[in-house]
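Residues per chain are reported as follows:
Number of protein chains: 2
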Amino acid sequence: MPQAHIAYDDRTLSEWIGAEEKDAYRANVALAEEMLQKGTGQGNDFTGWLDLPKRVSGDEITAVNDKAAELRDKSQLLICIGIGGSYLGARATIDFLSASFEDLRSPRVVFAGHQLNSDYLDDLRKLFDKNDVVVNVISKSGTTTEPGVIFRIVRQWMESRYGKQEAAARIVATTDPQKGALRKLATEESYATFSIPGDVGGRFSVLTPVGLFPIAYAGIDIAQLVAGAADAMSLCGGSDLETNLSARYAVNRNILFRRGKTIEMMASLQPQLHYVAEWWKQLYGESEGKNLTGIFPAAADYTTDLHSLGQWMQEGLRNVFETFVVLKNVATSWTVPEFDSDDDGLNYLKKQSLEYVNDNAYKGTLLAHLDGDVPASTLTLDTRSPETLGQLFYFYEKAVALSGYLLRVNPFNQPGVEAYKRNMFALLSKPGFEEQGAVLQQRLRGIGL
Amino acid sequence: MPQAHIAYDDRTLSEWIGAEEKDAYRANVALAEEMLQKGTGQGNDFTGWLDLPKRVSGDEITAVNDKAAELRDKSQLLICIGIGGSYLGARATIDFLSASFEDLRSPRVVFAGHQLNSDYLDDLRKLFDKNDVVVNVISKSGTTTEPGVIFRIVRQWMESRYGKQEAAARIVATTDPQKGALRKLATEESYATFSIPGDVGGRFSVLTPVGLFPIAYAGIDIAQLVAGAADAMSLCGGSDLETNLSARYAVNRNILFRRGKTIEMMASLQPQLHYVAEWWKQLYGESEGKNLTGIFPAAADYTTDLHSLGQWMQEGLRNVFETFVVLKNVATSWTVPEFDSDDDGLNYLKKQSLEYVNDNAYKGTLLAHLDGDVPASTLTLDTRSPETLGQLFYFYEKAVALSGYLLRVNPFNQPGVEAYKRNMFALLSKPGFEEQGAVLQQRLRGIGL
Numbered sequence: 044m045p046q047a048h049i050a051y052d053d054r055t056l057s058e059w060i061g062a063e064e065k066d067a068y069r070a071n072v073a074l075a076e077e078m079l080q081k082g083t084g085q086g087n088d089f090t091g092w093l094d095l096p097k098r099v100s101g102d103e104i105t106a107v108n109d110k111a112a113e114l115r116d117k118s119q120l121l122i123c124i125g126i127g128g129s130y131l132g133a134r135a136t137i138d139f140l141s142a143s144f145e146d147l148r149s150p151r152v153v154f155a156g157h158q159l160n161s162d163y164l165d166d167l168r169k170l171f172d173k174n175d176v177v178v179n180v181i182s183k184s185g186t187t188t189e190p191g192v193i194f195r196i197v198r199q200w201m202e203s204r205y206g207k208q209e210a211a212a213r214i215v216a217t218t219d220p221q222k223g224a225l226r227k228l229a230t231e232e233s234y235a236t237f238s239i240p241g242d243v244g245g246r247f248s249v250l251t252p253v254g255l256f257p258i259a260y261a262g263i264d265i266a267q268l269v270a271g272a273a274d275a276m277s278l279c280g281g282s283d284l285e286t287n288l289s290a291r292y293a294v295n296r297n298i299l300f301r302r303g304k305t306i307e308m309m310a311s312l313q314p315q316l317h318y319v320a321e322w323w324k325q326l327y328g329e330s331e332g333k334n335l336t337g338i339f340p341a342a343a344d345y346t347t348d349l350h351s352l353g354q355w356m357q358e359g360l361r362n363v364f365e366t367f368v369v370l371k372n373v374a375t376s377w378t379v380p381e382f383d384s385d386d387d388g389l390n391y392l393k394k395q396s397l398e399y400v401n402d403n404a405y406k407g408t409l410l411a412h413l414d415g416d417v418p419a420s421t422l423t424l425d426t427r428s429p430e431t432l433g434q435l436f437y438f439y440e441k442a443v444a445l446s447g448y449l450l451r452v453n454p455f456n457q458p459g460v461e462a463y464k465r466n467m468f469a470l471l472s473k474p475g476f477e478e479q480g481a482v483l484q485q486r487l488r489g490i491g492l
Numbered sequence: 044m045p046q047a048h049i050a051y052d053d054r055t056l057s058e059w060i061g062a063e064e065k066d067a068y069r070a071n072v073a074l075a076e077e078m079l080q081k082g083t084g085q086g087n088d089f090t091g092w093l094d095l096p097k098r099v100s101g102d103e104i105t106a107v108n109d110k111a112a113e114l115r116d117k118s119q120l121l122i123c124i125g126i127g128g129s130y131l132g133a134r135a136t137i138d139f140l141s142a143s144f145e146d147l148r149s150p151r152v153v154f155a156g157h158q159l160n161s162d163y164l165d166d167l168r169k170l171f172d173k174n175d176v177v178v179n180v181i182s183k184s185g186t187t188t189e190p191g192v193i194f195r196i197v198r199q200w201m202e203s204r205y206g207k208q209e210a211a212a213r214i215v216a217t218t219d220p221q222k223g224a225l226r227k228l229a230t231e232e233s234y235a236t237f238s239i240p241g242d243v244g245g246r247f248s249v250l251t252p253v254g255l256f257p258i259a260y261a262g263i264d265i266a267q268l269v270a271g272a273a274d275a276m277s278l279c280g281g282s283d284l285e286t287n288l289s290a291r292y293a294v295n296r297n298i299l300f301r302r303g304k305t306i307e308m309m310a311s312l313q314p315q316l317h318y319v320a321e322w323w324k325q326l327y328g329e330s331e332g333k334n335l336t337g338i339f340p341a342a343a344d345y346t347t348d349l350h351s352l353g354q355w356m357q358e359g360l361r362n363v364f365e366t367f368v369v370l371k372n373v374a375t376s377w378t379v380p381e382f383d384s385d386d387d388g389l390n391y392l393k394k395q396s397l398e399y400v401n402d403n404a405y406k407g408t409l410l411a412h413l414d415g416d417v418p419a420s421t422l423t424l425d426t427r428s429p430e431t432l433g434q435l436f437y438f439y440e441k442a443v444a445l446s447g448y449l450l451r452v453n454p455f456n457q458p459g460v461e462a463y464k465r466n467m468f469a470l471l472s473k474p475g476f477e478e479q480g481a482v483l484q485q486r487l488r489g490i491g492l
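The listed protein sequences correspond, in order, to chains A and B. Start counting the first sequence at 44; every next residue gets the next number (the working numbering). Start counting the second sequence at 44; every next residue gets the next number (the working numbering).
These are computed hints drawn from the structure, not numbers from a lab. A couple of the hints might just be wrong.
It does not matter which identical chain is used: a pair holds within one copy or between any two.
No more than 35 Å apart at the CA atoms, straight line, and that leaves these computed lysine-lysine pairs for DSBU-like [stated by the list, open to error]:
id, residue 1, residue 2
1, K81, K173
2, K97, K207
3, K169, K117
4, K81, K97
5, K222, K371
6, K393, K464
7, K173, K117
8, K97, K169
9, K393, K304
10, K81, K393
11, K65, K81
12, K371, K65
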């Protein structure tokens, strides 16, 4: 068994979930595990993430690292263009492992094409003007509106500053191995490219070049990230509820959901986990939120949000369960100074580390929320390391697949994401959508828009 | 009637909420309005925010602006220390009105004491070393753990770099007018001070010096922010459901809640609204989440989160309603370039502004979510201006007060926030909590912690 850098402790759920209730899930977990491994479940053409950590070869890692190093040599800033699953994995990893303030990061990765705000783009232009820049555009098709539009603009910036040839040498496209608009453009323009495996969906793609290239550019050891995920395969495998961490988590949330706990709060105890929670929200919301069912994934950053959502968590509607995510060790150890005048009454904490205080805030909150009838369990992470995060990624991916099958939905599609796109295309008079456009325009007039 | 910079359009709710159903609320709204104005409702000693925008005097504004200008002259960085309501109003305002990347902001405000992460503090120290620094510590009592502990450390940094006297000249304390540890310390050390009115709770305090001082330091026109809020008083006043914007919003959410819509999604269409949504989450979660009831306040940033929570919003469990927050005008107007080779198929958008595309993304999403059985309405804001934001702040404050009274809870207390604190004090062996500490330690051992 490889060394576990994550632990899932659900003993605190025993008040809500009995042994017999769990036992009733054993056969279902075994079935879900079999559906995944044998590819007999819905969405089985998108389960490439399942053994991905062991399929990523040393050569692939080297190719990504080499390109990242080459581009780092001539830049301080990577503009990473992508949305959804082409954005959140890299952002989560970089934020988890980097300095709290972006301008302390060197090299620095900034994101674009994940929204269409003009003022944001204008500010990005100011960063562009101050730095030597390289670009990574990430899109399976190359036609997604947000990254497509922003890449058009950023490509013009690049070509205007560097000329067509050097701009091309500074742009990396991560896209479909053969087909699609971005693949075609990359071939025409001689961009360096990386391929997105066809059997890995966007929200499961952090360990493909989608995530790995920007993460490598940021100076993070991607081999360790992948190795962590590979180690997690055994920690999160098998149909034994006691030893398969992901299965335990999946079963617990399924039981709590059917009991009316329709919101899961992922409560991080460290701000570095903020975008890991955003990644988790996509993974869970998009995998389970369909067929008019699915737990609502919410996140909070404690202790700051104890002074915000904390009141609702403690005494609001009891339709929530909570998963704390705790980091055992941070990198530094600032302590509370002793002051002669103890006006603020904090001398009782003198010489204690901030993390000691924070850890007791976690424990105090856990007990308070349990007492407040919030079923709560805890994921513990070792350190701010790529291995630890790799294990956490795989744990969550495996768990959502099992959880989706337990809920009897297809965890690997996202049909609902098309609805707003179709309407937007119609309203923007995209060729082919004209008829629908007229209908929608009329509806909008009907509501005064 | 003053000029409205915000509009609330709920015609899209007509499918869910009939005229008769609304009519039944008229007497209750009038009662709630009366309870507020006459101070006969629960929490009536904390309704000072109600006429605050008209009570803030020109002298007060000048005093805040003068101090801010004086400190700006000798610094590039303000470290603003506070948590919850002593943090979110300033952060929301500064983020709404400033550049997207913090290092493009000059002068710059960074926040601390809103959590206890050691690595964050270590990174803050690096910013400290690079800048001339001033400090604003915000705490009614001066004994709250997070800001108290961090202020001890930052005060040492300041005194060690500048000496005791100059450090004191660079520290502003915002606290209780008479009592408490921070007031006492400020008097002893001759810090400049601002007072927090006793009848305004933390989450309603953005227009007191709690918010105004850091906002003024950031170079934002606080007179306009306050004037916007003052204008909103008539837009959000009276017991007439048709003309009182806040009352309409409060009634709609109350009706939807009793129908099983237990989550409200505040969906912003611009990233500059991200922390406004965080401010809103505190205001609503803390005001309503009590007595085992209360809508869960959630937020998303569209369009990016349409590729995350969008799937759940479109097709998940139907226990959600949505309030879009749309900004009509941003400051810049980047457009989509035309490319000869239209590989990405985006030439149909050529020369259109990003905001035009984004606006149609909003409209397309609104229609898609209505079709997906999500009751949705829209708040529209004019521009990224202090007046607009002032109106929005007051609109939400007034609405949550009415909404709380309609739900029959005290919207002005937060008893549940004490639960984690008491446990934390006990676990940290704070003097006076020793006995409780022993009990909790035993419970923790029982669950293996």
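Structure-based check of all given hints:
For a Cα distance limit of 35 Å, the shortest separation of K81 from K173 qualifies neither inside one copy, at 52 Å, nor across copies, at 57 Å. Neither within a single protomer nor between protomers do K97 and K207 lie at most 35 Å apart by alpha-carbon distance, with minima of 38 Å and 59 Å respectively. For a Cα distance limit of 35 Å, the shortest separation of K169 from K117 qualifies both inside one copy, at 19 Å, and across copies, at 25 Å. When the C-alpha separation of K81 and K97 is checked against a cutoff of 35 Å, the pair qualifies only within one copy, where the shortest distance is 17 Å, while the shortest distance between copies is 69 Å.
In the homo-oligomer, the alpha carbons of K222 and K371 never lie at most 35 Å apart, since the shortest distance is 45 Å inside one protomer and 38 Å across protomers. Taking the shortest alpha-carbon separations for K393 and K464, only the inter-copy value of 18 Å comes in at or below 35 Å, while the best intra-copy value is 56 Å. When the C-alpha separation of K173 and K117 is checked against a cutoff of 35 Å, the pair qualifies both within a copy, at 14 Å, and between copies, at 25 Å. Taking the shortest alpha-carbon separations for K97 and K169, neither the intra-copy value of 41 Å nor the inter-copy value of 39 Å comes in at or below 35 Å.
Taking CA atoms no more than 35 Å apart as the test, K393 paired with K304 passes in neither setting, with 41 Å inside one copy and 47 Å between copies. For the identical chains of this complex, K81 and K393 are neighbours neither inside a copy (57 Å) nor across copies (47 Å), given an alpha-carbon limit of 35 Å. When the C-alpha separation of K65 and K81 is checked against a cutoff of 35 Å, the pair qualifies only within one copy, where the shortest distance is 24 Å, while the shortest distance between copies is 55 Å. For a Cα distance limit of 35 Å, the shortest separation of K371 from K65 inside one copy, 29 Å, qualifies, whereas the shortest one across copies, 52 Å, does not.
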